[in-house]
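J.: If you count the sequence shown from 1, you need to add 57 to reach our numbering.
Keep in mind that the hints are not guaranteed to be accurate.
Unchecked claim - Cβ-Cβ distance ranges computed for the label pairs, FRET-style: (1) T71 <-> S131: 19 to 27 Å; (2) R195 <-> A63: 25 to 33 Å; (3) I82 <-> E177: 25 to 33 Å; (4) L74 <-> R158: 28 to 36 Å.
Source of the hints: derived by calculation from the structure; they are not laboratory data.
Ideal Cβ placement from N, Cα and C applies to all residues, glycine included.
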Amino acid sequence: MDFFSAQDDARRRTRWLIFLFILAILALVVVTNLFIMLFAEYSTDYYVQGHTPTTFWEQFNWQRFAGIGFGVTSVILMGSFIRTLSLRGGGKTVAEMLGGRLVSGNPRNPLERRLLNIVEEIAIASGTPVPQVYVMEREEGINAFAAAARHGERSEGG
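Sequences and hints are given; from them, build the entire structure.
T.: If you want it as structure tokens, here you go:
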């Protein structure tokens, strides 16, 4: 698979994920409305004389549905916006959020020195600037990643 077909495949998967995200929001709106309708029905005082249980469609109200839907969607979008703002710091922010520790330019630990050498060699071979390198201390497996918002601004984790 060449780069361009991989890029097209990634775009298709991104569109699919966005569709699933919207579907999840709609499902959350419907489920929230159903729970509120059930709560409203069962919180009614059944011992009041003349009370008759209502059917689903008698209790359904489009204005309430839209209001609850707007509220649920607003909370989700606000959370997404806040997360997006927190990631604006780029690769450094992502590495630090994942518990990464910046590896200094001349580490004493031989494994960290080896990691820096490998990252420097890859950067030289690819003709790109050497990125900052972070180590995630508590991760036991292979934990390498590259994170950046723009070309030239990267952080490597390992």
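J.: For each hint, tell me whether it holds in the structure or not.
T.: We went through each hint and held it up to the structure:
{"no.": "1", "hint": "T71 <-> S131: 19 to 27 Å", "in the structure": "24 Å, holds"}
{"no.": "2", "hint": "R195 <-> A63: 25 to 33 Å", "in the structure": "32 Å, holds"}
{"no.": "3", "hint": "I82 <-> E177: 25 to 33 Å", "in the structure": "44 Å, violated"}
{"no.": "4", "hint": "L74 <-> R158: 28 to 36 Å", "in the structure": "31 Å, holds"}
Checked against the numbered hints given earlier, this structure breaks only hint 3.
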